[in-house]
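Protein sequences appear in the order of chains P and R.
Residues in the first sequence are numbered from 197 upward in steps of one, following this note's numbering.
Residues in the second sequence are numbered from 825 upward in steps of one, following this note's numbering.
Derived from the structure by calculation, the hints contain no laboratory data.
Positions of the beta carbon are idealized from the N, C-alpha and C atoms, including for glycine.
Keep in mind that the hints are not guaranteed to be accurate.
Chain P is faced by these chain R residues, among others (derived, beta-carbon under 10 Å) [unchecked claim]:
#, residue
1, Ser858
2, Met860
3, Thr868
4, Ala872
5, Tyr874
6, Gly882
7, Leu885
8, Asp921
9, Asp922
10, Gly952
11, Arg953
12, Ser956
13, Phe966
14, His1051
15, Trp1069
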Amino acid sequence: MLQTNLEHIETVDQFNNLVRSGAKVAIVCGRMGPMCVPVYGAMEALRDKYPDVQFCDMDFDTPTGVRTIRSLPEVRGFNGLPFTVYYSGGRVVAATTSIQSKAQIKAIMDSKMV
Amino acid sequence: MSRYDAIVVGAGAAGLTAAIYLSRARVKTLVLDSGMAGGQMNLTHEVANYPGVSTLSGAELARAMKDQAQSFGTTLMAHADILSMDLSGTVKRFEVDDEGTFEAPAVILAPGGSPRTLGLASEESFRGRGVSYCATCDGDFFADQEIVVVGGGNSALEEAVSLTKYASKVTIIHEFDEFQAHAYAIEEARANSKVHFLMNQRVLEIAGADGVTGVLSREKRTGSETHTPGTGVFIFIGYVPNTRWLEGHVALNERGEIVTDDVMATDKPGVFAAGDARVKRYRQITTAVADGTIAALAAADFINEMRRHKL
Chain P
197 MLQTNLEHIE
207 TVDQFNNLVR
217 SGAKVAIVCG
227 RMGPMCVPVY
237 GAMEALRDKY
247 PDVQFCDMDF
257 DTPTGVRTIR
267 SLPEVRGFNG
277 LPFTVYYSGG
287 RVVAATTSIQ
297 SKAQIKAIMD
307 SKMV
Chain R
825 MSRYDAIVVG
835 AGAAGLTAAI
845 YLSRARVKTL
855 VLDSGMAGGQ
865 MNLTHEVANY
875 PGVSTLSGAE
885 LARAMKDQAQ
895 SFGTTLMAHA
905 DILSMDLSGT
915 VKRFEVDDEG
925 TFEAPAVILA
935 PGGSPRTLGL
945 ASEESFRGRG
955 VSYCATCDGD
965 FFADQEIVVV
975 GGGNSALEEA
985 VSLTKYASKV
995 TIIHEFDEFQ
1005 AHAYAIEEAR
1015 ANSKVHFLMN
1025 QRVLEIAGAD
1035 GVTGVLSREK
1045 RTGSETHTPG
1055 TGVFIFIGYV
1065 PNTRWLEGHV
1075 ALNERGEIVT
1085 DDVMATDKPG
1095 VFAAGDARVK
1105 RYRQITTAVA
1115 DGTIAALAAA
1125 DFINEMRRHK
1135 L
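Construct all of the structure, not just a fragment, from the sequences and the given hints.
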């Protein structure tokens, strides 16, 4: 389990249920390295500002990660950690690779998760 | 509006050290950082030359400094985006996105640096898709593939060697004829059979369509061009100071570094600077710590002087 204060997605069923619910979800799929930890922190800092969004993490090196986020067509060609995927209405609305600042995350939330 | 005695911008080695000294001196201190505490220390896998500590990770050292500062009463605000600031008056003000306005009579600017880029459009378009600035983060995406490392200092050579854990071949492309690294780093790279060298090159393009296929470079004397195959390009060509946002607020030199005197004072009364973003010859964690110490002591003196004159 990743050492963050985000909701941890640990099973494929948990992931599927969340996405199919149509909820607004931001999932950071990564490790605990220098490019990932800042993104978890930025997501934590944004939770109060976006109360209708569920901010989650997922361990990159687990079977769940392989079968869900890492298998998405939207992350094809990504090779910078973390992979961050945004869902709304059951669909991927944005996906980013490598480190993102809080301002960059906010820009996506404000444009794609309204 | 929240009032502090001192605001420190930047929570790297210099900023956290300043916060430790200020808070211990009972100076009400706020530290603002646009990311997480630690700055460039978080990118350092192993710190082996910090006096008194045989070896630990940069992240561990950063965490220890942060915890120490907070234990003395420092307020640390991470992921704080400064929307505007005014350093001109007796009281300096910062407006922070989603957080409000903060003011203090003394400010220490310790914004550090960011990885220098090549400045190529192709580099930007392949960021995270073949171009990386972190070997420990992204090296294993390129297992059994050929990698290019751009750079010629300690980081470039050390990371190139570490990338041989994954890559079938690592080619170091450097802009000069000689490396600017310590002898031990050069020796280790030269001794590694997977590491190859292409010197005196100017990188023209990160080549590829769906993904990176290699690096196109030009030999600076002869003009001959070389395409070095590789699916991953790791760039370690130094750092640039995070000071663009300070233009017009404090004096900067032609490289964008903050100009200070020997007690870290800038050209603005009550505004000090510390760490990698200021004009200095050597940039190490220890020199950043020294800067932070001096800046904090000078800032504390400034505050005490203001109180004496009831300013």
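Results for each hint:
1. At a threshold of 10 Å, the smallest CB-CB gap from serine 858 of chain R to chain P is about 7 Å, leaving the interface hint in force.
2. At about 5 Å, the closest approach between the beta carbon of methionine 860 of chain R and any beta carbon in chain P falls short of 10 Å, and the interface hint on this residue holds.
3. For threonine 868 of chain R, the suggested interface contact is upheld, since its CB lies about 9 Å from the closest CB of chain P, less than 10 Å.
4. The criterion of a C-beta within 10 Å of any C-beta in chain P is not met by alanine 872 of chain R, whose closest approach is roughly 18 Å, and the hint is violated.
5. Taken as an interface hint, tyrosine 874 of chain R does not check out: its beta carbon lies about 18 Å from the nearest beta carbon of chain P, beyond 10 Å.
6. Interface restraint check for glycine 882 of chain R: the shortest CB-CB distance to chain P comes to about 8 Å, inside 10 Å, so the restraint holds.
7. Against a cut-off of 10 Å between C-beta atoms, the interface hint on leucine 885 of chain R is violated, since the closest Cβ of chain P lies about 13 Å away.
8. Interface restraint check for aspartate 921 of chain R: the shortest CB-CB distance to chain P comes to about 8 Å, inside 10 Å, so the restraint holds.
9. The interface hint given for aspartate 922 of chain R is met, as the beta carbon of that residue sits about 6 Å from the closest beta carbon of chain P, less than 10 Å.
10. Given the 10 Å rule on beta carbons, the hint for glycine 952 of chain R holds: about 3 Å separates it from the nearest Cβ of chain P.
11. Of the supplied interface hints, the one on arginine 953 of chain R holds, with its beta-carbon coming within about 5 Å of a beta-carbon of chain P, less than 10 Å.
12. The beta carbon of serine 956 of chain R is positioned within 10 Å of a beta carbon in chain P (closest approach about 6 Å), and the interface hint is therefore held.
13. With 10 Å as the threshold, the beta carbon of phenylalanine 966 of chain R comes within range of chain P, its nearest partner Cβ sitting at about 7 Å, so the hint holds.
14. Interface hint at histidine 1051 of chain R: violated, since its Cβ lies 20 Å from the closest Cβ of chain P, which is beyond the 10 Å cut-off.
15. Checking tryptophan 1069 of chain R against chain P: minimum C-beta separation of about 13 Å lies over 10 Å; hint violated.
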